[in-house]
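Student: The primary structure of each chain is shown beneath.
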Amino acid sequence: MSDVTIHSTAAQMSEALIAGSTTSVALTNAHFAQIEAVEPAVHAFLHLDKDGALSQAAEVDAKRARGEKLAPLAGVPLALKDVLAQQGVPTTAGSKMLEGWRPPYDATVVKKLKDAGVVILGKTNMDEFAMGSSTENSAYGNTHNPWDLTRIPGGSGGGSAAALAAFQAPLAIGTDTGGSIRQPAAVTGTVGVKPTYGGVSRYGLIAFSSSLDQAGPCARTVLDTALLHEAIAGYDQMDSTSINAPVPQVVAAAKKLDIKGLKIGVVKELLGEGFQAGVRQRFEEALEELVKAGAQIVEVSCPNFDYGLAAYYLIAPSEASSNLARFDSMRYGIRIGDDGTRSAAEVMSLTRHEGFGAEVKRRIILGTYALSSGYYDAYYGSAQKVRTLVKRDFDAAFANVDVLVSPTCPTTAFKLGENTDDPLAMYLNDIATIPVNLAGIGGMSLPCGLAPEDGLPVGFQIMSPGMRDDLMYQVGGTLEAALVSKWGHTLLSQAPALAGN
Amino acid sequence: MALNYDQAVAKYEPTLGLEVHVELNTKSKMFCGCATEFGASPNTQTCPICLGLPGALPVVNAKAIESSILIGLALNCSIAPFSRFARKNYFYPDMPKNFQTSQYDEPICVNGYLDVEIETDEGPKQFRVEIERVHMEEDTGKSLHVGGATGRIHGADYSLLDYNRAGIPLVEIVTKIVGGTGKYAPQVARAYVTELREILRSLGVSDVKMEQGSMRCDVNLSLAPVGSNELGTRSETKNVNSLRSVERAVIGEVIRQSNRLEAGERIVQETRHFQEESGQTRSGRSKEQAEDYRYFPEPDLVPVAPAAQWIEELRASLPEKPSTRRKRLQELWNVPAKEMEAMVNAELLDVVEETIGLGSEPTRARSWWLGEVSRLANEREVGPTFLITPAQVAEVIALIESGELTDKLARQVVEGVVGGEGTPREVIDKRGLKVVSDDGALMVAIEAAILAQPDTAERVRGGNLPAAGALIGAVMKATGGQADAAKVRELLLKHLGQG
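Protein sequences, first through last, are from chains X and A. So the first sequence is residues 1 to 501, counted in our numbering. So the second sequence is residues 1001 to 1499, counted in our numbering.
Excised from the complex, chain A in its bound form:
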């Protein structure tokens, strides 16, 4: 009988290690001036340096150093007064120099931590994930293996190489061993990557788009029998490309490893690949025979020695911690936790905050962004912030609050703005979407409705107020939805002696 997850964690204690690679969003590459834009035509963002042409030399991108220090500071790390680049030597066609310029035993940031909160059976609980190091390196190019069954280099008919990505600055954030999570290992892993992503986003140092690969996570996991003090053999799962996958990969590995152990087999130290469809991992390269990368200090670069004063300036410039900010805004706006989470997950916190800052009522601001705008964005398969600005949403909300627009009209205005018809004001003018607030015009419609439904009018006169709905509906219909329903109700009831 195969163990399921609950049975597995009842017998085995998981130990995690997380390595997150983040592409920095610097305008130029790590060691040359080439552009870093995502999605450009293959090999159009290259030069002698990132192609590793004979004679070319690297020069460190100062912005990348700054970003790395910011990340280290936000993760409570010590910033090394002196760190060095090293060469990691191995051959691969998409590595222009056949060595990766990275950092080895002298990384730029060391010894930090990140506190994350998860829901447990006993309520919310905080875990401290300790950070071993934050180091800088360059990305490799991309290989596209054409033909063959696996899409891998072996068996391919031919391979295409794109060096646009070669030399893009990467920061690798490595945790220390994360133990003591018990059955909550998947949640802790996910919460860590989520919080890390929020921090990186708040620092503005990366696009942190897991689906585009600008943030990639490797999950190391080992199991040991509950109560034992030893560490098991670990596997390293790559290709984990979403927050949900982080959680699933941990679950998948716990189940796989526990069942191997149950069957009396040993765990092989290896790289595994996460399969998005099945949630399982597939065996990759064995690491039993550790590859010898022949690291040595990069002689083409001078050591990185950031001035203490600069580090302090960067520390002073750190934005509010995302977790602190979430708590503050949640209280300020009086939003339930679930709603807060929805905004965070939809990456709408910034725009909602900005909209509220422009005078909108928090509940309205939140529901417009999460509701109508997100719906339109989903239809168009773009991010909500590409469609409409916080200022425009705030303007629409202000028009609702002043009674110039009904919710229904406002939706049409937003649709017009999103459709490129102009500002809210322009859409209103073009489409003629004015609330009918002229009492005279409304009275004409009200009298017509009463005339058409005399029995209903009689019931309202007799005190049956809910019956007024049918009459209000008729008025709204007659005015093409442009009347303010509250106003119609007020006038109608007054007219029928109930006001």
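Isolated chain X, as found in the complex:
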């Protein structure tokens, strides 16, 4: 490898590959070397597919040597959240339930990545079935925040975010049901985008909450995120909820670096009590940069956001209780107690008892209760109404502003184990990210500095109207450029050195 290193951006790696100054095999090997060095400390991965990745890389190199036309990210390595089905590669969704399962098919996102020549290094750790905000709910151990190994990397996509922050991969795929892409990005100083619901196919994404789940791109820069976004987005006839419309031009938007005249709304309800002082400070400093860049900042009120968290914790568990019913040991996954004396019902029950972790069981019980006859209207029905109100708040806001902004989460990364006994405190982490999922619009988190009190990354969230994902990239790209120029370096360059760095 010559001019690019594992610390380069995906865009730089792509250029070097095109220029012929490196090869995909070389890049892939370099990343596996880094993984080998830092993985014992970070534990971002659940499965490494070195053989598969290297053969994919060699194939891209061969195609390039033959002069074949390749996609922009061809040959660039990527870490895949373990919630997406990859044919023949272990896929567990962080659950013991799926231990040893190798899907017989590729998720549409995976197929698109393969078609684009993106090299899939392995599967990243996550909270079981994407339920959690710290990756501590994984059945396979904690992932550690590369900024401070005693802290959480966020969740549910903590593995993907940590892999980026630890330079184990320049690109990663996450999924975001209530903040599982954006919150890990925020606490690891990386960039993560939840696209508009329906913008990226959910086919092959192991469902947590079908009406909220959305796969999206994660990277270390806004441009890299945009490049990955365009590689995975687009209509898919295998997903009925996928939107049949052109993919927003997010790469062009990320490169625009111009927000003059844009109106940016600060959501009053997402900046009050419970937000760490350093988070608020860095957020406000970022707003100043946006003003300097020519944007107009206005305060916006979205009163129904206050009910968003409650509505989310009824809708998501309700759908989860049904989505997770299929894990019954009959066709795949683990099977417990099948000793010839027990009935199918008993084996199902034992398997679910053993196979699911505490948080998953908690949500299945919550959701089952909320959908029960006699309670449906009060819980699920009311939650759906709140959802409509949250959407209306967004509609009203977007009638006056181009994008909305807030801190991504109330705090910086907390300590591993700090919130594991307090589900409510854990759920509050998602307070600022959830409204975006309820409304089905797009949201981005990008780093806006380190909180002075703990030196940990702070995330800046940008929310854009449905299918206007380009707007958040335009604002995000501009803000990133302004901040890097102000700091004189990228945020991640300030992360403490790990063994392999």
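The set of hints was computed from the structure by calculation and includes no laboratory data. You may find that some hints are simply not true.
Unchecked claim - Facing chain A, according to a computed beta carbon distance under 8 Å, are these residues of chain X, among others:
no., residue
1, A85
2, P103
3, Y203
4, L205
5, D239
6, R326
7, M330
8, Y332
9, T368
10, L371
11, S373
As the list claims (entries may be wrong) - Going by beta-carbon spacing under 10 Å, a handful of chain X positions derived as facing chain A:
no., residue
12, V83
13, E319
14, N323
As the list claims (entries may be wrong) - Quick list of simulated restraints, FRET-style, between CB atoms:
no., chain 1, residue 1, chain 2, residue 2, range
15, A, Q1275, X, K114, 53 to 59 Å
16, X, D306, A, H1273, 49 to 55 Å
17, X, E99, A, E1277, 44 to 50 Å
18, A, G1147, X, K114, 33 to 39 Å
19, A, V1302, X, Q281, 41 to 47 Å
20, A, P1124, X, Y369, 53 to 59 Å
21, A, Q1309, X, K114, 38 to 44 Å
No residue lacks a Cβ here, since even glycine has one placed at the ideal position from N, Cα and C.
Since the structure of chain X is already known, use the hints to place chain A on it.
Tutor: Using the frame of chain X, we list chain A on its own:
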């Protein structure tokens, strides 16, 4: 003293409700591209979607929507401009997702009716059966419980699962309460299912084979004392797999329930299973504690919103109503009602109509299909239409009408066609089955017969015409049955001075 059926309906008024599940005959499943062919090797028609693998998502089969709308229109329903799928949640090993994607409070078709006619003591009478809803759902897989006494899951040594059926599109047609039938409840139930089957067949949306399970009927029945305005507790009888069983199940339940009521016992709300051999029902799952299916709108599917114009196009494409068609054909062909019913029951109306359309005389067309062809089909245990085409039958009939074949020869031709010997013409050539119509050859045989039976010939000469039968018989025998008997008679009588 136990009540018999007549005594039961003298005291109690039955109220019916009928739920019919129909497997649509779409080429692919409801939510995936898997084939739907009946009888394939277990688990060969499956994919990640119908197996409910993690991450897989459903996509609605547009053809199934079209079929459902056609059914709704044929049953005089309103088609919902906006309907949704819902998840019906319950655990069972043959349910890949442990929820069935169905429709709940927003079905695709609502509020229709179907008029049926039955024979009563006062002659034919029409009943209107009101339709509550027509909704779409997916079928489950099939479980085979091996070992144990009952063939049910409890007590079985092990169970085998076949997911080929999982995801086959089903349409469920639910009636409103059918009351006021009195003692005719069994006939009304049967007439409704019969007419519904005819409609579905005419629409071409299902194979409607009750014995293969592509049409299944649940019979809900309750009794109330005659004259009371209240409804009794109902039972739901499943496993009713033929038209006759529909009728028998109603009779069986009326007798069972009335005798319980007579004995001062109450009716338990439950699922019962029809026993084909005894005509009685056996208790199944109790429904006293209503199962909570936790229905909620299916988030993986978008609502079904058929365009008004499409619905009108489908309405315009509806075939003639089977009852109208039967009346029309009966008049046109001048067939007795019983014969018409026989053709309908044998599912031969289409081929008879086609045969007649090809120029055959209606009575001949009907009797060939119902007679010889059906007999051969029964022997071979296949449907008549698998053996011979309407065009071939029409050809045979034309040959009879032109005098080239006698009925007896024609039967041999049909047998040859059915046996795979080729077209009627080829069978005739191969087997040498030509009617002997050459007068010279016939005269030789006639003279030989007269010579052999001079006394008989003398009686015919004397005016005893019936005596000619023996001579004609001898000629037919001599020509190996290949002569036209009418022709032989004509020549013989002429020869003996009686022509």
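Student: Return holds or violated for the Cβ distance of Q1275 (chain A) and K114 (chain X) against the range 53 to 59 Å.
Tutor: Holds, at about 56 Å.
Student: With respect to the beta-carbon atoms only, verify the hint that E99 (chain X) and E1277 (chain A) lie 44 to 50 Å apart.
Tutor: For E99 (chain X) and E1277 (chain A) the Cβ distance comes to about 48 Å; the hint holds.
Student: Per the CB criterion, is R326 (chain X) less than 8 Å away from chain A?
Tutor: holds (5 Å)
Student: Can L205 (chain X) be said to touch chain A, with a Cβ gap under 8 Å?
Tutor: holds (6 Å)
Student: Would you settle whether the hint for E319 (chain X) is holds or violated, based on the nearest Cβ-Cβ distance to chain A being less than 10 Å?
Tutor: holds (6 Å)
Student: May I ask you to test the interface hint for N323 (chain X) with respect to chain A, counting a Cβ-Cβ separation under 10 Å as satisfied?
Tutor: holds (8 Å)
Student: Quick check: does the Cβ-Cβ distance between P1124 (chain A) and Y369 (chain X) fall within 53 to 59 Å?
Tutor: Since the Cβ atoms of P1124 (chain A) and Y369 (chain X) sit about 56 Å apart, the hinted range of 53 to 59 Å holds.
Student: Are A85 (chain X) and chain A close enough, Cβ to Cβ, to be under 8 Å, as the hint says?
Tutor: holds (4 Å)
Student: Given T368 (chain X) as an interface hint, is the shortest Cβ-Cβ distance to chain A below 8 Å?
Tutor: Nearest chain A Cβ about 7 Å off; hint holds.
Student: Is the interface hint for L371 (chain X) satisfied, with its Cβ closer than 8 Å to some Cβ of chain A?
Tutor: Holds, about 4 Å.
Student: Should the interface hint for Y203 (chain X) be scored as holding, given a Cβ-Cβ cut-off of 8 Å against chain A?
Tutor: holds (5 Å)
Student: Closer than 10 Å between Cβ atoms is the bar; does V83 (chain X) clear it against chain A? Give me holds or violated.
Tutor: holds (8 Å)
Hint 18 from the earlier list is the only one contradicted by this structure; the remaining hints agree with it.
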